[in-house]
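Trainee: Based on the hints, put chain Z in the right spot on chain L.
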Amino acid sequence: MLKPILRPGKEESMSNLKHFTNGIIKENPTFVLVLGTCPVLAITTTGFNGFGMGMATAMVLVLSNIFISILKNYIPDKVRIAVFITIIATCVSVVELVMKAFTPDLYKALGIFIPLIVVNCLVLGRAEAFAQKKGVFASALDGLGMGIGFTISLTLISIVREILGNGSFFTIPIIPAGAHPMLLFILPPGAFLTFGLLFAVMNALKRKFKI
Amino acid sequence: MESTLKNMILSLSLISMAMAAGLGYVYVLTKGPIEEADKAKEVSAVTEVLPHFDNDPIKQKKEIEGLTFYPATNGGQLVGCAVKTYTTKGFSGRFDLMVGFKPDGTIHKVVVLEQKETPGLGAKMNDPKFRDQFMGKNLATYKLKVKKDGGDVDAISAATISSRAFCDGIQKAYDLYMKNFVKSNSMASVKADSTAGKGGKHE
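The listed protein sequences derive, respectively, from chains L and Z. Residue 211, in our numbering, is where the first sequence stops; the numbers in between run on with no holes. Residue 414, in our numbering, is where the second sequence stops; the numbers in between run on with no holes.
It cannot be assumed that every hint is accurate.
[As the list claims (entries may be wrong)] Pairs of lysine-lysine residues, derived as BS3-like cross-links and limited to a Cα-Cα distance of at most 25 Å, are as follows:
id, chain 1, residue 1, chain 2, residue 2
1, Z, K335, L, K108
2, Z, K273, Z, K335
3, Z, K217, L, K133
4, L, K108, Z, K300
5, Z, K272, L, K100
6, Z, K250, L, K108
[Unchecked claim] Cβ pair distances, simulated, as ranges:
id, chain 1, residue 1, chain 2, residue 2, range
7, L, Y74, Z, Y236, 13 to 23 Å
8, L, G178, Z, A231, 53 to 63 Å
9, L, F137, Z, Q271, 14 to 24 Å
FYI, nobody ran anything at the bench for these hints, they're computed from the structure. Think of the CB as a built atom: it goes at the ideal place given N, C-alpha and C, for glycine as much as any other residue.
Just chain L, same shape as in the assembly (with noise of 0.2 Å):
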């Protein structure tokens, strides 16, 4: 599972059109390189917060990318991991202060899982076989991809969780009223349910089109 990361030769020869591409589909963070699942199971149930969530952490991709990639030279190899922690626990805070000072709502529905950001292995997975190798404005374009990639498949399993779990799109009611939802949905069986069935249709799609 973790083979795609850790091949950084291959993508030497990448535009930088590539780099951005590449999060998106070929190696979609959720289907593809399975990083950071807690947050794709856990605050998926309405569509505004698996968007809000997927913008959180694409916004904490492209700072901490950023910082790493200029501070690459700066960085002892031995302590790498604890450096890479520091700058991303930044970045995660200022995001979260951002969030406080101007989107109180989203703030208050995702709650614990900002903070959480910081643990998230996408991020630090991004930064050790991505930025720490490769050009500022190709890392943040790397952070930028993967992050609208992991927003992508957020919003996609909220949308389905919200539809059939609570009988809305986005908080408009679809199902008329009276009518009862399928609640297992938007509870925590219901996340792996959706997991598993859209990772199983993203294969079939690959499989059909050779991606």
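Mentor: Coordinates of chain Z only, in the frame set by chain L:
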């Protein structure tokens, strides 16, 4: 960079210091907006649960035994009081409510401030369908207990614990409100009622 002791210590401490400084800067920048956002939340909740008023209840707020009281007046006349209350009996622990009382203790409106109950079950307490049933009810005559416990409250299906906790929060606010703001003869009977309610609760 080579991993010598000197390098490692220097790099780690310099980067930490720089990051801390940057974080401090962002903290200062966002401090104002965060306070404003918190205050806006407080104001909107207070406004929602009270009838029309023209004073500033936020400025006159008073804290009594952990609850916050926001008295509202219109033209000098007391029109109600918003109470920020809480309960620790929720399915996932504590949650916060804002209850608006009219001067005689009738509930004007209830809103949920902060909660982490199960989505789709307990979290439904913020649906108008559940919380609007308390509008216009006076706890002197209204039995603030779920129907399962012999009261008048329609519990959220499959979320009896959350519904009970919701009642607990309102009861707490009502008792303190009556004790501190309303001098009434029916006090004794209300008190007795609420203690009976607490005794009859099963977790």
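Trainee: Look at each hint and say if it fits the structure.
Mentor: Status of each hint after checking the structure:
no.	hint	result
1	K335/Z with K108/L	holds, 16 Å
2	K273/Z with K335/Z	violated, 30 Å
3	K217/Z with K133/L	holds, 23 Å
4	K108/L with K300/Z	holds, 20 Å
5	K272/Z with K100/L	holds, 24 Å
6	K250/Z with K108/L	holds, 15 Å
7	Y74/L with Y236/Z: 13 to 23 Å	holds, 21 Å
8	G178/L with A231/Z: 53 to 63 Å	holds, 55 Å
9	F137/L with Q271/Z: 14 to 24 Å	violated, 56 Å
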